[in-house]
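There are 2 protein chains.
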Amino acid sequence: MKKEFDKIVRSRRSVRKFKAIDISDDVVKDCILHASLAPNSSNLQLWEFYHVTSKKLMKKISYACFNQPAARTASQFVVVVTRKDLWNKRRLFNLSKIKARNLKLNDKHLKNRSIAIKYYKYLIPTVYKEFYGIIGLFRYFNALIIGLFRPIYRQVTKSDMRVVAHKSSALAAQNFMLSMRSNGYDTCPMEGFDSLRVKKTLSLPRSAEINMIISCGIRDEKGIYGDQIRVPFDEIYFKK
Amino acid sequence: MKKEFDKIVRSRRSVRKFKAIDISDDVVKDCILHASLAPNSSNLQLWEFYHVTSKKLMKKISYACFNQPAARTASQFVVVVTRKDLWNKRRLFNLSKIKARNLKLNDKHLKNRSIAIKYYKYLIPTVYKEFYGIIGLFRYFNALIIGLFRPIYRQVTKSDMRVVAHKSSALAAQNFMLSMRSNGYDTCPMEGFDSLRVKKTLSLPRSAEINMIISCGIRDEKGIYGDQIRVPFDEIYFKK
Chain A
2 MKKEFDKIVR
12 SRRSVRKFKA
22 IDISDDVVKD
32 CILHASLAPN
42 SSNLQLWEFY
52 HVTSKKLMKK
62 ISYACFNQPA
72 ARTASQFVVV
82 VTRKDLWNKR
92 RLFNLSKIKA
102 RNLKLNDKHL
112 KNRSIAIKYY
122 KYLIPTVYKE
132 FYGIIGLFRY
142 FNALIIGLFR
152 PIYRQVTKSD
162 MRVVAHKSSA
172 LAAQNFMLSM
182 RSNGYDTCPM
192 EGFDSLRVKK
202 TLSLPRSAEI
212 NMIISCGIRD
222 EKGIYGDQIR
232 VPFDEIYFKK
Chain B
2 MKKEFDKIVR
12 SRRSVRKFKA
22 IDISDDVVKD
32 CILHASLAPN
42 SSNLQLWEFY
52 HVTSKKLMKK
62 ISYACFNQPA
72 ARTASQFVVV
82 VTRKDLWNKR
92 RLFNLSKIKA
102 RNLKLNDKHL
112 KNRSIAIKYY
122 KYLIPTVYKE
132 FYGIIGLFRY
142 FNALIIGLFR
152 PIYRQVTKSD
162 MRVVAHKSSA
172 LAAQNFMLSM
182 RSNGYDTCPM
192 EGFDSLRVKK
202 TLSLPRSAEI
212 NMIISCGIRD
222 EKGIYGDQIR
232 VPFDEIYFKK
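So the sequences go chain by chain: A and B.
2 is the number of the first residue of the first sequence in my numbering; add one for each residue after it.
2 is the number of the first residue of the second sequence in my numbering; add one for each residue after it.
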């Protein structure tokens, strides 16, 4: 598996021009299923995947991406959406699943389950509840004071919670892009777009955020702009 | 490659208890190299990877992670760090690399190169320059007005730029975790930690942010808490 993964990860490139060939909807859908298996914060799965294949919608999305080549030539799009606003729904979903778990009832399992139930019942609301950034600010100063005496979780502002949700979506996005590669397909993750126009095009609620738009298709070799540029490894890798 | 990737992605689980067995530093290092091949925003590579193997430092990091089981039993840690503050250094690095590129000098290549040079010379500073969130706010309102007339990039506040940097680091982190799995190793990405204490332990500058801490080792089957819980696929997948 090691060799195959090395091949997949090294052959993945951000492809800026795709061949005018159709790709299989079902394969892309399977890759999105792989995306949804990514680890994510508190298993809240605050993500949604919009698989765009209709030519009419694709034109609109390409326009919102300034018609950059990777968008203009894409065969399909996958729009990764972050839904921080669904935290309570997903919290209750996890709670019900954990309570329903069929356990070999030894002490260790029961203890773990009871910790997990408390986590979703009490801790998650404490961290996720928000009111125009004010509750987050309160949490921040609270952590600052308690943190003088013992380790404490500090990523509690409104901005922090956005980061947390987007991070998880990105973990899923990378699963997706590698899965596409393992199927011989190519991708280009894009962040350069008009998020408001994309949200309107997909009829998304105000509280949804676009994590990234991934162009999908089969690479035209001209769509790879030279060798991959990476900073020297010893500038980013530190052994401690 | 498709089957192997499916195996890798499905067998990756967040492992909360590791066997007390040493793992190879070199293999972990190779997986970090795979991490650094992830796509990332404007190729600025605003990431660093701290590979922690010293028992003394590991104890300190585990403490900052509230000694949760995944931290307490880990064989090694990889701390993924987001370095938004290095944007200018990395911008200049990209510029020099693109200028030095050995091109077959046809018109198309020259045009692409000239676009890329302009991108790093003018656009990146416009988006990344910051002064206590004030410049970001100005960019935000500017985008709001121009956006009435044509598509425009809107993710320009200080909070947005944090999201952008952390997203890229997460793409790298997922490469890393899958690469570990392809080598028969296991991981647990953690966000529950005292970021200030971790930064002190690693002597990181104030402007660095911890993206996540990844516990590494070999799974103890007891460290996998039941079947993977996922929301029904039709609640997160939408075909358009």
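Because the hints were derived from the structure by calculation, they are not lab data.
Keep in mind that this is a model prediction, so the values were computed, not measured.
Glycine residues also receive a C-beta, built at the ideal position from the N, C-alpha and C atoms.
Just to be clear, a hint being listed does not mean it is correct.
[What the hints assert, rightly or not] Dumping the calculated EDC-like pairs for lysine to aspartate or glutamate here, alpha-carbon to alpha-carbon at most 16 Å:
(1) K109/B / E222/A
(2) K240/B / D31/A
(3) K3/A / D221/B
(4) K18/A / E222/A
(5) K30/B / E222/A
(6) K30/A / D7/B
(7) K240/A / D27/B
[Stated by the list, open to error] Pairwise CB distance ranges (calculated):
(8) D235/A / L145/B: 39 to 47 Å
(9) D86/A / L138/B: 19 to 27 Å
(10) K240/A / L93/B: 24 to 32 Å
(11) G185/A / L58/B: 37 to 45 Å
(12) K122/A / Y120/B: 47 to 55 Å
(13) N89/B / E222/A: 40 to 48 Å
(14) G185/A / I118/B: 26 to 34 Å
(15) G185/B / F67/A: 21 to 29 Å
(16) D26/A / I116/B: 40 to 48 Å
(17) I116/B / I118/A: 52 to 60 Å
(18) I147/A / H110/B: 55 to 63 Å
(19) I118/A / S12/B: 23 to 31 Å
Do the hints match the structure? See the list:
1. Annotation: proposed proximity of K109/B to E222/A holds, straight-line Cα distance about 14 Å (limit 16 Å).
2. About 13 Å separates the Cα atoms of K240/B and D31/A, which keeps this hinted pair within 16 Å; it holds.
3. The straight-line distance between the Cα atoms of K3/A and D221/B is roughly 21 Å, outside the 16 Å bound, and the hint therefore fails.
4. For the proposed pair K18/A and E222/A, the alpha carbon gap of about 8 Å is at most 16 Å, so the pair holds.
5. Restraint check for K30/B and E222/A: the C-alpha separation of about 30 Å exceeds 16 Å, so the hint is violated.
6. Annotation: proposed proximity of K30/A to D7/B holds, straight-line Cα distance about 14 Å (limit 16 Å).
7. At most 16 Å may separate the alpha-carbon atoms for a hinted pair to count; K240/A and D27/B meet this at roughly 11 Å.
8. About 43 Å separates the C-beta atoms of D235/A and L145/B, a value consistent with the hinted range of 39 to 47 Å.
9. A hinted range of 19 to 27 Å for the beta carbons of D86/A and L138/B is consistent with their spacing of about 23 Å.
10. At about 26 Å, the beta-carbon gap between K240/A and L93/B stays in the expected band of 24 to 32 Å.
11. G185/A and L58/B have their C-beta atoms about 42 Å apart, which keeps the hinted 37 to 45 Å range intact.
12. Taken as a hint, the range 47 to 55 Å holds for the pair K122/A and Y120/B, whose Cβ atoms sit roughly 48 Å apart.
13. Hint check: N89/B to E222/A, Cβ distance near 33 Å, so the stated range 40 to 48 Å is violated.
14. Separated by about 33 Å at the C-beta atoms, G185/A and I118/B satisfy the suggested range of 26 to 34 Å.
15. Between G185/B and F67/A the beta carbons are some 44 Å apart, a value that contradicts the proposed interval 21 to 29 Å.
16. Range check, D26/A to I116/B: Cβ separation about 33 Å, and the 40 to 48 Å hint is violated.
17. Under the hint 52 to 60 Å, the C-beta atoms of I116/B and I118/A, about 54 Å apart, fit the expected range.
18. For I147/A and H110/B, the Cβ-Cβ distance of about 57 Å falls inside the hinted range of 55 to 63 Å, so the restraint holds.
19. Distance hint check: the CB atoms of I118/A and S12/B are about 27 Å apart, consistent with the given range 23 to 31 Å.
Of the numbered hints given earlier, the model fails hints 3, 5, 13, 15, 16; all others are met.
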